[in-house]
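Participant: Residue numbers (the numbering used here), protein chains in the order written: chain A, 1 to 306; chain B, 1 to 359.
Straight-line alpha carbon distances no greater than 20 Å define the calculated PhoX-like cross-link-like pairs of lysine-lysine that follow:
hint, chain 1, residue 1, chain 2, residue 2
1, B, 322, A, 109
2, B, 3, B, 350
3, B, 39, B, 322
4, B, 184, B, 169
5, A, 109, B, 39
6, B, 43, B, 322
Treat the hints as calculated values from the structure; they're not laboratory data.
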Amino acid sequence: MEQYALLIAATLNAGTVLAIAALGLLINERSGIVNLGAEGMMLCAAIAGFATVVHTGNDWVGFGAGMLAGGVLAAMFGYLVIWLNTNQFATGLALTLFGAGFSAFAGVKYVQEKLPERSSFSVPGLGDIPLLGTALFKQHPMVYFAMALTAFIIWFLFKTRSGLVLRSIGESPEAAHSLGYPVRRIRLAAVVVGGMLCGLAGAYLSIIYTPLGVEGMVSGKGWIALALTTFATWRPLRVLFGAYLFGGVTMLQFHLQGQGVEIPSQFLSMTPYIATIVVLALISRNPALIRINMPASIGKPFYPGS
Amino acid sequence: MLKLEARPQASKFWAIGSPLLALVFTVVIGIAIFMLMDKDPIKGLLVFFWEPIKSGYALSELAVKATPLAIIALGLAVCFRSNVWNIGAEGQFVIGAVTAGGVALLADSTTGPWIIPAILLAGVLGGMLWAGIAALLRDRFNANEILVTLMLVYVADLVLSYLVYGPWKDPNGFNFPQTKTFEKVTQIPRLFAGTRINIGLVIALFGVAGMWIYMFRTYGGFQLQVGGLAPAAARYAGFSSRRALWTALLVSGGAAGLAGALEVAGPIGQLTPYVPAGYGFAAIIVAFVGRLNPIGIVFSAILMSMFYIGGELAQSRLGLPKSLTGVFQGLLLFTLLACDTLIAYRVVWKSSNVTSGAK
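When you get a sec, could you build the whole thing from the sequences and use the hints?
Facilitator: The following block contains the structure:
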């Protein structure tokens, strides 16, 4: 039983990386912008966060550095696609390619470096409950932050006026513009918030989840996070559960590898990627399901005054 | 203050000027990086832009690396022109290398030179198969091809890894994760003695001509481009978007697979975990910097090849990480996209009171 409790704990931990990034991407997609640079932002943020912790020894400063890195890159992307109306796909791709190169370049010094063992976390009182405590209440605070963030985003998007404005810009930037909302500035804000959350996810990955310097350590999680927003049909709660589901797939394959199952490890390592493809195909099969919540202007350029 | 003003017509000058301006920006940022790293920027620039062209042998090496980039980029240009986003050419390259390598491993000392076309064909089919998965899922299930092709890159790398660590591992290879070195007969024929240039270069040049004719002189190519530029118009005209999707993905996948076959049976000569060299991703940049135009792609492939060679030299001569190549590649695409604004807009000076409230 104890090992299943540990598996659940590991699943929540792995899902947190995906959840934070995907929630960020959800916000900028709700405003109508797709940022394919998620992987690149996470890579740069992972290195920025890791290097900061190596030099300062403080995890929280590291998270801040990751958010800063993600935010700055997202702002560059945002300026290009929102003001210069460059193609969103190509620009996001450029960001990912740049991020892969830059993180490898800047990260050379930190390859194979390890962060010191952390003291374990435990929610006072609840962490000592047998099994349940191990499964749910001995997590890094960031795991609970992801849950709180989900609740906050649900409240923000669907219960506040600002959330309504953000969604209306995603549906019809022309209508929002004619009502006098600064469409471009709001979109930029959404893109930067998305970048900061991707950055936080990248930093959490390199500081807590796998505290070891490896080139390309994000290994597709940014892309899986992008796919998650589609799976979840742009609904925050579904993003969170989707992230845990994929965290579970990742952990299950590690678990099976650890058990010495007679399947070559490469096939087990493929499962998160193949699962992404399969789920994507299953969900996209019904176009109505996707379109019902899809921001109508997503991916399209907006020219104010045209 | 400076303002952007829409041009009545797209500028032909900036369509060609923009990649050059982007290169200038990339070089300027590069100089800044060299200075930040405490390296002589002149030496840095020489390594990237002079060393790769200073001798006949250097030029031949430049061509060796430019060849796969050009072949993959030609296929991707067809794809991007029809507005299909295959960004997983890297995976199709790897699977092409795997299938071609599989055929090459069948050869023994009695095999005739017919094995060469078989190897190339296997590479093309492998790449097509891998891209075909994305086409099928898009066609049948409406699954986004960007995500599917990209996910398949990771799967392809793991397939290669499984084979070279597992069933295809050279039994006499001291347990290194690699296949045995391919038989001599499988070696792609070289064009000039003393260099590594092989018939891949000729194939690439035929590809340039072939793509030009297909895209600009055939009805099929025309249909594809209309579908990319104006999907609604293509639908009214009765052009099949399904056929465009399949054509785009199979052509680009086949091209990437062919490049993989040429690499693995050419300069590499065996399957190792280091077959994926990022050519599939760099080719995306080659395609855009070359304006999705076959002639432009020749030049941008040469430029990108300089970045690769320059990165290797920067490592050995200046002690800089080889990944500098990736930084410059990413910067080039970034600055290119920004400079492309000049094609549709001109920069004009306007006093700010006229435009107040226009934002």
